[in-house]
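Colleague: Listed below are the residues making up each chain.
Number of protein chains: 2
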Amino acid sequence: MSYKELSKEELQSTLAALKEEYNEICKMNMNLDMSRGKPGADQLDLSMGLLDVFHGASDLKSENGFDCRNYGLLDGLPEAKRMMADIMDVKPENVIIYGNSSLNIMYDTVCRSYAEGVNGSTPWCKLDKVKWLCPVPGYDRHFAVTEHFGIEMINIPLYQDGPDMDMVEKLVSEDASIKGMWCIPKYSNPSGAVYSDEVVKRLAALKPAAEDFRIYWDNAYVVHHLFEDNQAEILNILEECEKAGNPNMVYEFASTSKVTFPGVGVAAMATSEENLKYVKAQMTVQTIGHDKLNQLRHYRYFKNLDGVKEHMMKHAALLRPKFQAVLDKFDAELADADIATWTRPTGGYFISLNVMDGCAKKVVQMCKDAGMVLTGAGATFPYGKDPKDSNIRIAPSFPTPAELEKASEILVVCIKIATIEKMLSE
Amino acid sequence: MSYKELSKEELQSTLAALKEEYNEICKMNMNLDMSRGKPGADQLDLSMGLLDVFHGASDLKSENGFDCRNYGLLDGLPEAKRMMADIMDVKPENVIIYGNSSLNIMYDTVCRSYAEGVNGSTPWCKLDKVKWLCPVPGYDRHFAVTEHFGIEMINIPLYQDGPDMDMVEKLVSEDASIKGMWCIPKYSNPSGAVYSDEVVKRLAALKPAAEDFRIYWDNAYVVHHLFEDNQAEILNILEECEKAGNPNMVYEFASTSKVTFPGVGVAAMATSEENLKYVKAQMTVQTIGHDKLNQLRHYRYFKNLDGVKEHMMKHAALLRPKFQAVLDKFDAELADADIATWTRPTGGYFISLNVMDGCAKKVVQMCKDAGMVLTGAGATFPYGKDPKDSNIRIAPSFPTPAELEKASEILVVCIKIATIEKMLSE
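Chains as they are written, first to last, in the working numbering: chain U, 1 to 426; chain B, 1 to 426.
Keep in mind the hints are simulated off the structure, nothing from the lab.
A couple of the hints might just be wrong.
Because identical chains share one entry, a pair is satisfied inside a single copy or across any pair of copies.
Below are the SDA-like pairs computed for lysine to any residue, each with C-alpha atoms no more than 25 Å apart in a straight line [as the list claims (entries may be wrong)]:
hint	residue 1	residue 2
1	K131	F149
2	K243	L276
3	K303	F54
4	K309	M165
In isolation and in its complexed conformation, chain U is listed as follows (with noise of 0.2 Å):
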């Protein structure tokens, strides 16, 4: 029954039965974390073989003849370069391979256009205000990167087939301050959502009033299904916006982080010939080169698309027991009670719930002093500020199962918890 339909009294006999279940589960000292989208030790497992594929020295040269255990080749193996391409539907021609984090391209993208300018623009150091769009909620460390650059963050709703393009459309047009927005395309953290086509569309074809505008493209869940037969799909965007006669406005990544090894995986933009000799001229600067062993390893490990696609089966597999356990227990405890809404993705490493607004906060302090780590309540949003205190992001795929069973009722006491006591004191 839903919340809303008790009374008072009946609130408040629910809300002491429930304390007394999280007293309970507060003495059991726990220690959980569902804080972050960390692969679990059985995920891991799976790429054991990365470290086995080179046999002698004679077997560290790439297809071009370069020995990768040398100096050289700023922007990568020619191998790697295809599988990256082949992993984001673009061009090799138009990938650059860099080091173990596609976040630290994204930053270092933003650092350049600070201190340089973007194609020969005027650095956003020498300009009063930058800005930069947002669909939320999405992604802390996104947010970081803006904030660190005293970059002024603008929210735009993230609906589940993007975000809210009639608002984009006006605000690109308009403020020549508008320099970038983030976008997760596909399975978006945290909400799961994937860009429509007509998104896609319509972003490629932004008339941005500032020429050093750029969609950064963080397809960071690219082959990151949960589901063999229900796999999104999107638009191509650099096609489109080359079509749409904004050949250079887009810079998109993807790293093999959650493929292999988070962090010890290959990381790449892709972006259009003209964009990548600016950022090679830079790149050219500031090192030699990647690590090409790691390059050549991922290629040799995977071979192809193909080998990529059946090795994220074998990533779905454990994760979907891992998903369905925090569903299930929010089908069964959240959703007669009619006190949250969440997200059923089908792909990516999140969940996104929505609890009472006002009661986000809360529902973290509470589950982390019984134990249980969740991301920030607030982290979902630019400066950290849910202006609804409502979202909170869920990462099932670091605990185990039994430990993610825990975490989930845990956490549906705490939403019930905070709910009634918001209702009692409305």
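With chain U fixed as given, assemble chain B onto it according to the hints.
Modeller: Okay, now just chain B, sitting in the frame of chain U:
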């Protein structure tokens, strides 16, 4: 006999013979590369064991229990910090482990200072003028970083015991726009200079007009000795700066790039705890962490500093004959003629050769036309401008011994021709 004692006729006939020799060489269509400090394939083979240190998933945990296959540990594994600290002769708590490139750390450090300042000082991008001291001859990639950020570079003569300290002291204390200084304190690139204790102490005791002045101490060749019984030791700059009341004045850099595989190793920074605080505040926005498996791989392979030192002697054994081949040729062909001077390094990767003023560019071009690539003349100076057009960096590591003999021969012929032509034109 010294060329200076030859008559004009003698010079002309010598030149004619040399030109014939040069023409013969050109006909051989050689393809030699002495341009960069790249280890030879024989050196790379020394580290193959690095790729074979892991045995199963249980073997991939750091000594603190952290699974190195997953996200986390922003500033590196404890054992990697200890290893890099031992290499640099500093304390582990002063060390951050980065990715595969110390050049990348230096770039990022300058970039951070440019974009956000140094420990809270005014960001350099907000200043009209930033200057930098550059001991010359020096490393072209250092100069490229400071040039990239529009920093005005000032040449400082580098002697065999370090930079001209009278000049450094005067400039740094008088000019608050001087914000930094490049130093390669041991086996400097390219001269092989080793900073004396007195020089290190005077550097540590500088009284900079700018509070955000920093010494960039690139200890790139810290364990790169050429001889077992003649190993340079330099003072610990962090310790000396602390003693002198300048604890935050230095950033030290090192990597395993020429210890194991270049660009596939582990790079590190060492600096004061106060500096680290600011570095980490930015780093945590830039990345979740660097490749921990590669850190673990290096630690497991070397175990400790003794392991590194032993390994470096294997490199030395391969490098010594290469250096010797070049020096022998110079001794035999250039010493008597008295037309060049060169260093006899006891470590590092280079021989610094000074030909007659106004001849370096011509020599490098002639070598190129004969099929041999040298580091560009001028590259060892800021902006690529050698005021005397005299210095040439010789990198003997990459060619095979046979190639090296041929290369030295070509070089000697080109030097002789350029010198005589210069003498005859005056």
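Colleague: Now, for every hint given, state plainly whether the structure supports it.
Modeller: Consistency of the hints with the structure:
no.: 1; hint: K131 x F149; result: both (10 Å within a copy, 24 Å between copies)
no.: 2; hint: K243 x L276; result: within (19 Å within a copy, 47 Å between copies)
no.: 3; hint: K303 x F54; result: both (13 Å within a copy, 22 Å between copies)
no.: 4; hint: K309 x M165; result: neither (31 Å within a copy, 61 Å between copies)
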